[in-house]
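> Produce the entire structure from the sequences given, and follow the hints as far as they go.
There are 2 protein chains.
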Amino acid sequence: MPSLIRIYALVLLTLTSTGAFASNQTNAPLNAEASDPNALQWMTGFPPPPDKLITQPQSNYFSFPKLRWTVCHIRELLPTTQVSRGIGAPNALPYATDTGIDKITFTPMGSDTPMTWQESLAANYTDGLLILHNGRIVYEHYNGCLNETGKHAAMSMTKSLTGLLAEILVAEGELDGQAKVASIIPELANSAFGSATVRQVMDMTTALDYSENYADPNADIWQYSAAASPLPKPADYSGPDGYFEYLQTVEQNGEHGVAFGYRTINSDALGWIISRVSGQNVAHLLSERLWQPTGTEQDAYMTVDSKGTPFAGGGLSAGLRDLGRVGLVMLDKGHFNGRQLFSEAVADTIQAGGDKEAFAKAGYTTLPGGSYRSMWWNFHNSHGAYAARGVHGQTIYIDPTANMVLVRFASYPTASNSQIDPTSLPAYQAVAEYLMNKD
Amino acid sequence: MPSLIRIYALVLLTLTSTGAFASNQTNAPLNAEASDPNALQWMTGFPPPPDKLITQPQSNYFSFPKLRWTVCHIRELLPTTQVSRGIGAPNALPYATDTGIDKITFTPMGSDTPMTWQESLAANYTDGLLILHNGRIVYEHYNGCLNETGKHAAMSMTKSLTGLLAEILVAEGELDGQAKVASIIPELANSAFGSATVRQVMDMTTALDYSENYADPNADIWQYSAAASPLPKPADYSGPDGYFEYLQTVEQNGEHGVAFGYRTINSDALGWIISRVSGQNVAHLLSERLWQPTGTEQDAYMTVDSKGTPFAGGGLSAGLRDLGRVGLVMLDKGHFNGRQLFSEAVADTIQAGGDKEAFAKAGYTTLPGGSYRSMWWNFHNSHGAYAARGVHGQTIYIDPTANMVLVRFASYPTASNSQIDPTSLPAYQAVAEYLMNKD
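Just so you know, the sequences run in chain order A and B.
Start counting the first sequence at 1; every next residue gets the next number (my numbering).
Start counting the second sequence at 1; every next residue gets the next number (my numbering).
It should be emphasised that the hints constitute simulated quantities derived from the structure, not laboratory data.
Heads up, some of the hints might be wrong.
Where chains are identical, the list cannot tell them apart; a pair therefore holds if satisfied intra-copy or between any two copies.
Straight line, CA to CA, 30 Å or less: simulated DSS-like cross-link-like pairs of lysine-lysine [stated by the list, open to error]:
1) Lys180 <-> Lys52
2) Lys233 <-> Lys52
3) Lys333 <-> Lys438
4) Lys66 <-> Lys233
5) Lys356 <-> Lys66
This is how it looks when you write it as structure tokens:
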């Protein structure tokens with residue numbers, strides 16, 4: 001495999017993987033302060049000195065600690081498409097800052113030593129943290145590469161927005177969850193997706209013959225990455241070009257609907273489905289359905305493949321407060337600033353969660369009793385919390401009981417959220433309980 | 001030369017060239033209506049059919065008529081960096097629409113047949129046209145790939161904004177126009193730029209050994225393009241990487257300060273100079289000095305090289321009304337919405353124009369008696385008009401006598417403005433006189 005494609009594969013996987021790259025890391029990575037991209041002076045100077053350059057693609061820009069710079073600069077390395085906020089005035093979020101939050105203590109999973117909320121920020125390599133309670137910002141924090149006018153890679157939180165768009169189209173009767181994918185995308189009739197239902201794709205219970213075995217040079221993940229790369233294909237390349245061509249090559253392995261299997265290609269297939277049904281690509285849908293009506297402050301953007309297809313499985317970069325607006329409209333079940341942006345049934349369906357039995361087969365140790373629904377993760381905890389999640393610590397965490405939305409951007413050294421959940425999920429619960437006690 | 005680099009060279013040149021590509025065109029290109037990118041359905045469908053694809057880089061996306069789509073979609077094909085508008089509310093431009101403008105007649109250069117303003121729009125393959133008079137929008141028109149929420153390639157108008165930033169730094173005493181470039185950028189000491197003054201770079205009266213002979217595979221333009229491409233370099237590439245490394249290789253040919261020679265590399269050198277002096281790259285300077293304080297509606301963006309350097313000579317894409325704001329602040333000599341954004345001397349210097357004798361040597365047939373100052377074109381006509389100009393018909397035309405700013409985005413089949421000036425410059429003068437008669 002040409003090295004350029006292999007390197008793009010690493011990027012693509014890092015945007016979406018659930019942990020495959022943990023093994024890339026040393027046992028003791030630099031801590032948050034030492035790995036701060038400003039401290040390391042990445043890409044500073046005119047030109048930056050060679051040892052401060054992060055370039056496309058030779059410098060492996062998604063390796064730690066470089067990734068702590070890269071997560072705020074995706075568009076400078078790859079072609080992207082705009083998620084327009086429109087051109088009107090933004091809709092301001094009110095503030096009710098609570099300085100007590102920093103002092104909240106919680107006990108990390110698997111630990112006996114309490115940690116404060118403030119300590120968790122560095123422990124989690126946090127780049128941005130926003131907490132909304134009763135519709136007001138009670139906590140806001142920026143670090144590393146991010147500030148309030150910046151944008152950060154959302155990683156696999158992109159999937160949840162793709163899933164939300166699909167759920168909106170289902171509620172509007174434009175998309176039938178029980179329809180076979182082949183009836184909507186005839187080009188997928190001979191692939192694994194063709195015989196799956198839209199709902200199975202949305203919930204990732206498709207049975208796909210899809211390997212992420214990096215040791216195998218013929219593993220499907222390499223073909224997927226080669227197809228998805230927006231970089232020019234090598235002259236001798238003869239494989240599929242773009243997400244849509246790749247999806248047609250995926251074969252079935254087993255029975256759909258039985259087990260949850262986290263595969264990014266489901267999100268790309270869902271992106272295709274909602275584009276075909278709506279006549280708009282995912283970036284346009286995000287703009288029309290979410291970015292414009294919620295009065296966002298900043299355009300967001302999505303990476304694209306070589307044919308301009310937005311990466312529905314992991315390509316979004318956005319501002320912290322703008323993802324807070326997305327969280328609010330979920331928490332408020334489609335209501336936003338006096339308007340009903342989508343049916344309450346949309347949020348109800350996602351909030352209810354998916355098939356716990358199917359989910360349990362995937363063996364997520366930090367998410368016991370959880371489920372996955374419409375590309376959102378459900379904790380099925382005492383507060384009924386659910387979340388969009390992306391590798392390296394990205395989350396939109398929605399706690400309906402505490403009327404709380406929490407958004408975190410991070411650049412944790414390892415990709416898997418199983419590493420960062422122990423100092424995160426108990427912290428979120430502690431903040432939720434603290435805020436409820438104030439009500 | 002590897003074909004990928006050659007193709008990028010075509011893109012780069014098309015963004016900046018003064019006419020080299022005229023010979024690429026057939027004698028009778030499709031007219032504006034027939035070449036409308038919406039009519040041709042470029043990049044429509046999920047996925048677009050093969051004959052509707054415009055991709056990076058094999059499909060030669062800057063060839064006519066594809067370029068009529070591409071000029072609004074640069075970021076989907078290349079890495080870019082943001083020119084932030086900030087996150088506040090935009091500053092609305094007031095309207096005083098005048099429907100009489102469409103009926104204004106003028107006589108194109110070299111013709112006996114009058115043409116109406118409205119007819120000129122299609123004749124010039126206009127994508128966007130904005131006229132401001134006495135600070136209010138009197139005319140606004142979108143066509144082809146552009147609408148009011150879209151962005152269009154500014155081509156070499158980028159140079160004028162780079163020149164404006166330099167002039168601002170001169171007025172603030174941060175940059176000495178008489179300083180030798182080598183005193184600011186020691187890395188350029190052994191290049192042609194080292195012995196030139198900053199002013200000579202700003203006015204493009206440097207004497208550079210720089211060939212744009214496309215028939216010569218060793219012509220400098222190919223090396224420049226290879227260095228500037230943000231695409232991964234071929235494995236066997238050993239030339240300069242990025243704008244700054246390339247500039248160090250340019251040799252002197254003749255005496256600086258004698259003749260105007262339109263060379264994009266002067267703008268890249270100036271971009272380096274103002275970045276070194278200010279500590280900010282050109283995109284950040286544009287944001288801080290123009291986009292944020294003029295209350296723009298949209299972020300703009302710039303293409304970057306492989307090291308993240310914004311293309312100061314041609315990389316900007318922006319919204320139509322936002323370039324109108326830039327024109328207004330020039331017309332009003334730094335005043336905008338009750339603030340003084342830069343010294344009146346900045347606009348005075350640019351408006352006064354440059355060395356007519358040096359300019360005459362370049363032989364621009366449609367610009368007799370003109371000059372070039374701080375990367376702005378001066379017509380030295382009866383109204384004292386001057387302009388930012390870019391290939392394929394881009395302009396910010398400022399008429400101080402008529403208190404008029406006119407912004408045009410276009411996708412004319414041939415690059416050279418000498419083809420489009422005959423149906424443009426007399427039209428601008430006619431509109432200016434019409435508006436003055438109303439005062």
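> For every hint, state whether the structure bears it out.
Against the structure, the hints:
In this homomeric assembly, Lys180 and Lys52 come within 30 Å of each other (Cα to Cα) only across copies, at 28 Å, whereas the closest approach inside a single copy is 50 Å. For the homomeric pair Lys233 and Lys52, the shortest alpha-carbon distances inside one copy (28 Å) and between copies (19 Å) are both at most 30 Å. Taking CA atoms no more than 30 Å apart as the test, Lys333 paired with Lys438 passes inside one copy only; the shortest distance there is 23 Å, against 55 Å between copies. For the homomeric pair Lys66 and Lys233, the shortest alpha-carbon distances inside one copy (25 Å) and between copies (21 Å) are both at most 30 Å.
Taking identical chains as interchangeable, the C-alpha atoms of Lys356 and Lys66 are never at most 30 Å apart, the minima being 37 Å within one chain and 50 Å between chains.
Comparing the model with each numbered hint stated earlier shows that hint 5 is the single one that does not hold.
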